[in-house]
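Residue numbers (our numbering), protein chains in the order written: chain A, 1 to 211; chain B, 1 to 211.
For the record, the hints were derived by calculation from the structure and aren't laboratory data.
Please note that a few of the clues may not be correct.
[To be verified] Below are the PhoX-like pairs computed for lysine-lysine, each with C-alpha atoms no more than 25 angstroms apart in a straight line:
id	chain 1	residue 1	chain 2	residue 2
1	B	Lys159	A	Lys196
2	B	Lys152	A	Lys196
3	B	Lys57	A	Lys196
There are 2 protein chains.
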Amino acid sequence: MEIPFATIERLATYLRCLRHLKDEKIKIISSADLATNTKTSPEQVRKDLSYFGRFGKVGTGYYVGKLAKKIEKILKKRKKWNVCIVGAGSLGSALARYGGFKDSGYNVVALFDNNPEKIGTKIGDAEIYDVKLLPEIVHEKKIDILALTVPKHALPGLKELLESSKVKGILNFVPLSLHLKTRRKAAVLDVDLAQKMYILSYLISNKEEQV
Amino acid sequence: MEIPFATIERLATYLRCLRHLKDEKIKIISSADLATNTKTSPEQVRKDLSYFGRFGKVGTGYYVGKLAKKIEKILKKRKKWNVCIVGAGSLGSALARYGGFKDSGYNVVALFDNNPEKIGTKIGDAEIYDVKLLPEIVHEKKIDILALTVPKHALPGLKELLESSKVKGILNFVPLSLHLKTRRKAAVLDVDLAQKMYILSYLISNKEEQV
Numbered sequence: 001m002e003i004p005f006a007t008i009e010r011l012a013t014y015l016r017c018l019r020h021l022k023d024e025k026i027k028i029i030s031s032a033d034l035a036t037n038t039k040t041s042p043e044q045v046r047k048d049l050s051y052f053g054r055f056g057k058v059g060t061g062y063y064v065g066k067l068a069k070k071i072e073k074i075l076k077k078r079k080k081w082n083v084c085i086v087g088a089g090s091l092g093s094a095l096a097r098y099g100g101f102k103d104s105g106y107n108v109v110a111l112f113d114n115n116p117e118k119i120g121t122k123i124g125d126a127e128i129y130d131v132k133l134l135p136e137i138v139h140e141k142k143i144d145i146l147a148l149t150v151p152k153h154a155l156p157g158l159k160e161l162l163e164s165s166k167v168k169g170i171l172n173f174v175p176l177s178l179h180l181k182t183r184r185k186a187a188v189l190d191v192d193l194a195q196k197m198y199i200l201s202y203l204i205s206n207k208e209e210q211v
Numbered sequence: 001m002e003i004p005f006a007t008i009e010r011l012a013t014y015l016r017c018l019r020h021l022k023d024e025k026i027k028i029i030s031s032a033d034l035a036t037n038t039k040t041s042p043e044q045v046r047k048d049l050s051y052f053g054r055f056g057k058v059g060t061g062y063y064v065g066k067l068a069k070k071i072e073k074i075l076k077k078r079k080k081w082n083v084c085i086v087g088a089g090s091l092g093s094a095l096a097r098y099g100g101f102k103d104s105g106y107n108v109v110a111l112f113d114n115n116p117e118k119i120g121t122k123i124g125d126a127e128i129y130d131v132k133l134l135p136e137i138v139h140e141k142k143i144d145i146l147a148l149t150v151p152k153h154a155l156p157g158l159k160e161l162l163e164s165s166k167v168k169g170i171l172n173f174v175p176l177s178l179h180l181k182t183r184r185k186a187a188v189l190d191v192d193l194a195q196k197m198y199i200l201s202y203l204i205s206n207k208e209e210q211v
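Model the full assembly from the supplied sequences, consistent with the hints where possible.
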């Protein structure tokens with residue numbers, strides 16, 4: 001059965017919410033509360049979870065810890081992923097330091113840049129390598145996921161290196177589409193921070209109208 | 001009529017896609033192609049757009065530039081928003097330098113931190129202020145949106161300052177829930193970068209199974 005992409009996105013949102021609840025020592029949540037906290041409907045929550053079996057108890061709700069574990073299993077299937085960051089500028093460095101990755105089992109094991117002053121230095125435990133070594137280091141360090149944080153103008157010149165690096169997935173922070181010809185195509189997910197701004201400004205404008 | 005939050009999220013995704021198409025000088029796109037590029041279905045694209053009137057022509061598709069403008073109008077209603085960043089660490093600095101905000105009409109006009117060595121310095125055109133001045137500067141510089149990029153442990157100590165600052169919206173990068181008691185509640189949108197990693201690893205695992 002094909003699971004809609006929107007369901008996968010919402011599962012990741014439910015997981016985030018469940019983790020917060022766990023931090024706050026809340027043990028049970030109703031589908032109505034889970035829906036309110038994740039800006040969706042209780043029907044949608046139940047439908048999304050129904051793809052993967054039966055969860056929760058009628059009249060009781062979901063066990064926070066149990067549901068979080070189950071969703072983690074659905075999404076990840078593996079505990080640890082090795083991540084590299086291409087582009088050790090401000091965003092790349094911020095991602096390398098971002099605690100949320102490590103907490104969730106995504107280990108940044110290398111960064112890449114073309115600036116000779118950066119190459120050979122470290123951010124946390126991860127070394128910055130010459131970007132020309134990308135395919136080699138990806139192989140050597142068994143890197144699964146590549147986060148792309150280079151400036152827009154640097155992207156065309158990187159295409160060949162990216163295509164010959166055998167990563168399984170790319171998290172693309174560059175506001176440009178990636179058209180790669182990899183032998184076994186990598187999964188690509190675009191992250192656009194301005195998009196979040198758009199959603200937020202809609203929420204604000206909507207509130208202003210209601211007042 | 002209430003527009004579902006998921007529709008708003010997808011509109012922001014369509015907009016991102018349309019902007020890429022514009023960069024590539026593509027003038028017309030079918031709902032099928034727009035759906036493929038944004039990981040949804042043509043029916044969903046048509047349904048989402050139908051909330052806002054009639055778009056496109058049967059058998060022709062959507063005019064890229066026109067549709068982008070229309071969605072921008074739906075989402076933003078205003079051309080310019082003033083943004084501040086609380087927490088001038090690596091993520092905060094990266095956001096201040098992030099080109100995608102300025103391009104979309106979100107101007108970072110101030111940063112805030114509690115580190116005396118940072119206070120008074122600048123990132124781009126934006127000065128870093130003492131976080132104690134947050135409510136005043138928000139008022140003075142007519143700041144609409146606050147991006148929160150402080151470390152987890154700093155959040156409890158910031159609550160009062162956040163509550164007395166009259167921003168309209170908060171983009172929360174801290175992996176914790178925000179429970180603020182503001183007089184007129186600000187819209188809050190959580191941004192979790194690890195969530196994107198979860199979605200990506202699902203896409204990867206799914207591909208691996210299909211091979």
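Verification of the supplied hints:
This hinted pair checks out: Lys159 of chain B and Lys196 of chain A have alpha carbons roughly 22 angstroms apart, not beyond 25 angstroms. Annotation: proposed proximity of Lys152 of chain B to Lys196 of chain A holds, straight-line Cα distance about 20 angstroms (limit 25 angstroms). Between the alpha carbons of Lys57 of chain B and Lys196 of chain A the distance comes to roughly 29 angstroms, so the proposed pair goes past 25 angstroms and is violated.
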